[in-house]
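J.: If you read the sequences in order, they're chains C and L. Following our numbering, the numbering of the first sequence begins with 1 at its first residue and continues without gaps. Following our numbering, the numbering of the second sequence begins with 1 at its first residue and continues without gaps.
Treat the hints as calculated values from the structure; they're not laboratory data. In this text, a Cβ means the ideal position worked out from N, Cα and C, and glycines have one as well. Where hints are given, some of them may not hold.
[To be verified] With beta-carbon atoms standing in for the labels, derived distance ranges:
| id | chain 1 | residue 1 | chain 2 | residue 2 | range |
| --- | --- | --- | --- | --- | --- |
| 1 | L | 102 | C | 45 | 53 to 61 Å |
| 2 | C | 5 | L | 163 | 17 to 25 Å |
| 3 | L | 113 | C | 14 | 28 to 36 Å |
| 4 | C | 13 | L | 182 | 49 to 57 Å |
| 5 | L | 92 | C | 5 | 42 to 50 Å |
| 6 | C | 45 | L | 182 | 37 to 45 Å |
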Amino acid sequence: MSTENPYAQYHVVKKGDTLSKIAEEYYGDKMLYPKIFEANKDVLQDPNKIKPGQKLRIP
Amino acid sequence: MRIAKKFVAFTAFALVLAACANQKEPAEKAVAQVESSLAEFRADAEKYAAEELKSVDESVTRLKNNLAKKDYSAVVTGAPSVQSAVTSLKDTVAKAKIDAEAVMAAAQAEWTDLSTSVPQLVETIQSRVDTLAKSRKLPKNVDKATFETIKTDFETVKADWSAAASDFAAGAAADAVRKARAARAKAEEIHAKLGMNS
């Protein structure tokens, strides 16, 4: 049984967000967006398709 | 008259000898009893009340010295207070053992929590530090100097956690908890500096 990590950081997608923008906000580098995509493959199928309200883990 | 005096002296000497002989067995029994009582909890006494044990051991040694000198009267007279000291020490050791076990149980309960939370923090921070190390530019909330400090402090956290885990594996739960608490506090500080609390 895996327990949720209480120290993990999350981002709730807002209107106009892209993975690149989120990567820039948290990492300072938009080119690191694949990190976020890989960590959220259970909810994302395409890095270009994120929806407002989605809760993404920021590794 | 002279014969009568000799008879009295002889009788007195015989009585003293008889009295001594009468006290030999009780004296030996008393010393054996004291030693046997002390042997029952000596190992715990060495662990939980070493100073008090030393004092009782000195009393027992005096008793045994008197027995060796055939001063049975001194042994029989002194044995009750030594036995009383042994009984008192036994109570002290029992109480100290209960207290130590309670402290150990609390440390083990806290360790259960720490052994979950510290690795979670370390894993989370490690991932972010690795990612930021590859970033061409740091996020707004982390400047270069801060990031360098974070990396150094994080190495300390990992070393402290490793030492805590080794202590716990070696049975030193209290030391393990103290080191793990320090590691978690430092890790939470780093977590906040990285802006990961939001």
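J.: If you check the beta carbons of residue 102/L and residue 45/C, does the distance land in 53 to 61 Å?
T.: 54 Å, holds
J.: Regarding residue 45/C and residue 182/L, is the given constraint of 37 to 45 Å on their beta-carbon distance met?
T.: At 44 Å between Cβs, range holds.
J.: For residue 92/L and residue 5/C, compare the CB-CB distance with the range 42 to 50 Å and indicate the outcome.
T.: The hinted range 42 to 50 Å holds for residue 92/L and residue 5/C, with Cβ atoms some 47 Å apart.
J.: Given a hinted range of 17 to 25 Å, is it respected by the beta-carbon distance of residue 5/C and residue 163/L?
T.: The hint (17 to 25 Å, Cβ to Cβ) holds, given that residue 5/C and residue 163/L are roughly 23 Å apart.
J.: For the pair residue 113/L and residue 14/C, does the Cβ-Cβ distance stay inside 28 to 36 Å?
T.: 35 Å, holds
J.: Could you tell me whether the CB distance from residue 13/C to residue 182/L stays inside 49 to 57 Å?
T.: Violated - the Cβ-Cβ distance for residue 13/C and residue 182/L, about 38 Å, lies outside 49 to 57 Å.
Of the numbered hints stated above, the single one contradicted by the structure is hint 4.
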